[in-house]
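Visitor: Starting from the given sequences, assemble the full structure and let the hints guide the process.
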Amino acid sequence: MARIVVDPVTRIEGHLRIEAEVNGGAVSDAWSSGTMFRGIEMILRGRDPREAWIWTQRICGVCTTVHALTSVRAVEDALGIEVPENASLIRNIIGASQYVQDHVIHFYHLHALDWVDVTLALKADPGKTSQLAESISPWPKSSRAYFKEIQDRVKALVETKQLSLFSSGYWGHPAYHLPPEANLLAVAHYVEALEFQRDYIRIHAVLGGKNPHLQTYLVGGMSTAMDSNEPQATINPERITFLAELASKAQAFVDQVYIPDVLAVAGFYRDWFGRGEGLGNFLSYGDFPQGSIKDPSRFYLQRGAIFNRDLSKVYPVDPANVTEYVTHSWYDYSDGDQNGKHPYQGETSPKYTGPKPPFEHLEVDQKYSWLKAPRYQDHPMEVGPLSRMLVAYASGHPEVKAAVDGVLAKLNAPATALFSTLGRIAARAIEAHVMAGLVSKWVAELGDKLGHGDLRVHNGEKWDPDTWPKQAQGFGFHEAPRGSLGHWVQIEEKKIKNYQCVVPTTWNAGPRDGKGQRGAYEASLLKTPIADPERPLEILRTIHSFDPCLACAVHVVDGHGRRYTVQEAR
Amino acid sequence: MLPSNRSLSGALQQKGINRRRFLKFCSLMTATLALPPRYVAQVAAALEKARKPVLVWLQFQDCAGNSESILRSSHPTVLEVVLDLFSWEYHELIMAGAGHQAEAALERVVREEKGKFIAVVEGAIPLADDGVYCTVGGRTALDIARHVCPNAAATIAAGACAWDGGLVRAYPNPTGAVGISEAVPEATVINLGGCPQNPVNTAAVLVHYLTFGQLPAVDQFNRPLFAYGRIIHDQCERRAHYDAGRYVQEWDDEGHRRGWCLYKMGCKGPQATFNCPSVRWNDGTSWPVKAGHGCLACASHRFWDTRSPFYDRLPTVPGFGVDVTAGEIGLGITAVVAGATVVHGIASAVRDRMRPLPPAASPSVSNEPPRKA
Chain B
470 MARIVVDPVT
480 RIEGHLRIEA
490 EVNGGAVSDA
500 WSSGTMFRGI
510 EMILRGRDPR
520 EAWIWTQRIC
530 GVCTTVHALT
540 SVRAVEDALG
550 IEVPENASLI
560 RNIIGASQYV
570 QDHVIHFYHL
580 HALDWVDVTL
590 ALKADPGKTS
600 QLAESISPWP
610 KSSRAYFKEI
620 QDRVKALVET
630 KQLSLFSSGY
640 WGHPAYHLPP
650 EANLLAVAHY
660 VEALEFQRDY
670 IRIHAVLGGK
680 NPHLQTYLVG
690 GMSTAMDSNE
700 PQATINPERI
710 TFLAELASKA
720 QAFVDQVYIP
730 DVLAVAGFYR
740 DWFGRGEGLG
750 NFLSYGDFPQ
760 GSIKDPSRFY
770 LQRGAIFNRD
780 LSKVYPVDPA
790 NVTEYVTHSW
800 YDYSDGDQNG
810 KHPYQGETSP
820 KYTGPKPPFE
830 HLEVDQKYSW
840 LKAPRYQDHP
850 MEVGPLSRML
860 VAYASGHPEV
870 KAAVDGVLAK
880 LNAPATALFS
890 TLGRIAARAI
900 EAHVMAGLVS
910 KWVAELGDKL
920 GHGDLRVHNG
930 EKWDPDTWPK
940 QAQGFGFHEA
950 PRGSLGHWVQ
960 IEEKKIKNYQ
970 CVVPTTWNAG
980 PRDGKGQRGA
990 YEASLLKTPI
1000 ADPERPLEIL
1010 RTIHSFDPCL
1020 ACAVHVVDGH
1030 GRRYTVQEAR
Chain L
7 MLPSNRSLSG
17 ALQQKGINRR
27 RFLKFCSLMT
37 ATLALPPRYV
47 AQVAAALEKA
57 RKPVLVWLQF
67 QDCAGNSESI
77 LRSSHPTVLE
87 VVLDLFSWEY
97 HELIMAGAGH
107 QAEAALERVV
117 REEKGKFIAV
127 VEGAIPLADD
137 GVYCTVGGRT
147 ALDIARHVCP
157 NAAATIAAGA
167 CAWDGGLVRA
177 YPNPTGAVGI
187 SEAVPEATVI
197 NLGGCPQNPV
207 NTAAVLVHYL
217 TFGQLPAVDQ
227 FNRPLFAYGR
237 IIHDQCERRA
247 HYDAGRYVQE
257 WDDEGHRRGW
267 CLYKMGCKGP
277 QATFNCPSVR
287 WNDGTSWPVK
297 AGHGCLACAS
307 HRFWDTRSPF
317 YDRLPTVPGF
327 GVDVTAGEIG
337 LGITAVVAGA
347 TVVHGIASAV
357 RDRMRPLPPA
367 ASPSVSNEPP
377 RKA
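Residue numbers (the working numbering), protein chains in the order written: chain B, 470 to 1039; chain L, 7 to 379.
No lab work stands behind these hints: they were computed from the structure.
Heads up, some of the hints might be wrong.
Straight-line Cα separation of at most 25 Å, DSS-like style, residue types lysine-lysine; simulated pairs [claimed, not checked]:
id	chain 1	residue 1	chain 2	residue 2
1	B	Lys-630	L	Lys-120
2	B	Lys-910	B	Lys-931
3	B	Lys-963	L	Lys-122
4	B	Lys-984	B	Lys-964
5	B	Lys-931	L	Lys-270
6	L	Lys-270	B	Lys-964
7	B	Lys-810	B	Lys-964
8	B	Lys-617	B	Lys-592
9	B	Lys-624	B	Lys-610
10	B	Lys-763	B	Lys-910
11	B	Lys-820	B	Lys-910
12	B	Lys-630	L	Lys-122
13	B	Lys-630	B	Lys-617
Computed from a predicted structure; not experimentally measured.
Guide: Listed below in structure tokens is the structure:
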């Protein structure tokens, strides 16, 4: 029996450590640990709730925008503010384009190198690569000369003996199965995707001023003023045209590059449809309101939960059923660490009891993570694209069902194959396709509204804190690219009294709970074959399939207003 | 076939980038750095000769926003930066290797490139409780920073958190977070404030280093003057409206739609230095004020505490008058963090003289500002 440690887990956001026991060539048990803590909710206390979104957005710069949106929704919920339709539409465009951006970056820059051996691209025949490319997609950048140029570039890099980002990969690992031509194709698209993400995200620059960390949210709506006759307005006909162009290019990229690449890669790794299965419980808050945010039945993506892989039943979801455990997390609860607490009753006293750094191993039978363990009705749940697509699929969502069935047919795989490492990858690509289309649709709608003189982007009735009740509390949610995100805010005397976030990666990467139930990462690693314990590529494959974001996942709030035990250093 | 693939021009030509495009890139960098045009040739010559220096990018108490920001770099593209200008050998967010192999890559650089490599730091460093609030590979952030940064030729603090502790250090600073200069005083540090840093400036600092073998001129906060030497208000496209007294009075009003001045909505542009209005973001597409929201002064020292509440109008300050530069206003504000607002008629008379904040600003912001109960 060997204990494998992967720390740092790279090509993710944040600081994640995986410890796994390997028995007979496969993982027999696993522990997931978040190793960084900032205390952002603590920092929020006493500040103006109208600016909470500016602070919470900095929880994560990869999932930029998602905490900002969730935060304004929480404060709007607390104060009873309905935002104008345009604001809701602009938020939907920002959110949907974030999905496309995030999913593309995830596949090519954070995940692809688990499946693609860059060094094998040197052995490819550029002519055959061109044939392969043209056999799977009409994407025009597919000539022999083009792939030759990419290959020459890789060759030049290798000859310098300065491999840069690629210097420390698991190249030559026996689990790499792609033929050289597919590797070269993937390397070319790695480069193209870098250009794509830079160009596409100008949607956020237009609607948010910049990316990362957009700066146009307001409690009550958006600051993106609209005027069809005013060149200085943030949104005018010229900007709508620009947004529409970017949206249309993204649809082409997703449909002609991303999806064909996922299908091609999956075809060579079909055994990964049977690995990384995980919990079998899936949660989605639903999102993209088509009207009032109070009416989940009109969200574009449905709210619901699936248990035990049973796609025949989608259960309703009530955020009141969310609790968090600290039994194996570096915190104390005042009445003992065995039971979970709802975020409104949540309390957090950080108390590090792990080994003194530098250390070799965590004490995994004790506390071993800065992440708490969220549960829904005491069930551990997986969140993210796979959960959303499964909830939508099982709920009979027409567009999602068509897209999922189309992909499954091309892969010649049943729906149950989705409960896997490759299933997460496929679900993410399907979702990118659906979202890329929605961005175009919603930009056109925004253009229509502009044309019809419907210009309202902000509801200022409650902007003045003097209009607020003495006390208020609210829940804001968002289906972020990585999954279900919730913010709970309590406001007293115009200030934040209490703030708590329960974040996608906390659901997925959290440790065991009071009953010893594993979190999603821990469960998904069980039985994973490990060819070479010194180079645990297989662990990376499954962990990366969740698209971890650890900066998001670690958070803290003190529900009873007690002070921290931590002393400021100077 | 090119004689050598080891130089930038060789690498760029391998990629099919011709000399014209290469020189265009050099001109752009020269312009961002505010160097006279005659330096274009020098930049080009330096880049052509350079064997790629090694760069490592360390992430501590961060959000990866600065990493994402560099991914959006346009001129040069991120690929040119990481493959052609530098050999980018450690960067958790995007490097191929993980675990032991990643740690070994970092170790190799510190050992074999000692005194020659560039370190970029993203995120704050927690000092409280022996640094347990951030560990990588079982080692604390402080331990790693102390091991790596003093051995680097230079350390770039990318973004607010690495510079001064940023948001992580905001009151009450639960983890005892500080910036890299405070954590590792012996390191040679240049600070690129901003939340996040703007990749145009980061690329320009890197090119400057490649060209001249040293870091660009800095202000009293060790921020490069080319990017942080001018007040946002002085460069703002809405400035004419300010001078004419045309203000957004409430969100979504007629003035807001017409692009009037956001000063009354809490814009901190008059007390912020940065080149946001000129270089903008995301390939020059926009910046926050253009998009309708006030500036947060995110490139200012300890801005999370010294420039918030973000929707409060700039406060009145002692000594404020018609003959005060915006730089001095900023100084006064950081000194007192008063709650009252400026009388706008007087503010209109602020002159557009530019100069960096005097050194006296530094101690005034080193204490925690008073918090309203």
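Visitor: Each hint should be assessed against the structure and marked as holding or not.
Guide: Here's how the hints hold up against the structure:
{"no.": "1", "hint": "B:Lys-630 <-> L:Lys-120", "result": "18 Å, holds"}
{"no.": "2", "hint": "B:Lys-910 <-> B:Lys-931", "result": "31 Å, violated"}
{"no.": "3", "hint": "B:Lys-963 <-> L:Lys-122", "result": "53 Å, violated"}
{"no.": "4", "hint": "B:Lys-984 <-> B:Lys-964", "result": "37 Å, violated"}
{"no.": "5", "hint": "B:Lys-931 <-> L:Lys-270", "result": "17 Å, holds"}
{"no.": "6", "hint": "L:Lys-270 <-> B:Lys-964", "result": "21 Å, holds"}
{"no.": "7", "hint": "B:Lys-810 <-> B:Lys-964", "result": "24 Å, holds"}
{"no.": "8", "hint": "B:Lys-617 <-> B:Lys-592", "result": "11 Å, holds"}
{"no.": "9", "hint": "B:Lys-624 <-> B:Lys-610", "result": "20 Å, holds"}
{"no.": "10", "hint": "B:Lys-763 <-> B:Lys-910", "result": "23 Å, holds"}
{"no.": "11", "hint": "B:Lys-820 <-> B:Lys-910", "result": "49 Å, violated"}
{"no.": "12", "hint": "B:Lys-630 <-> L:Lys-122", "result": "17 Å, holds"}
{"no.": "13", "hint": "B:Lys-630 <-> B:Lys-617", "result": "20 Å, holds"}
Of the hints listed earlier, those the structure fails to meet are numbers 2, 3, 4 and 11, in rising order.
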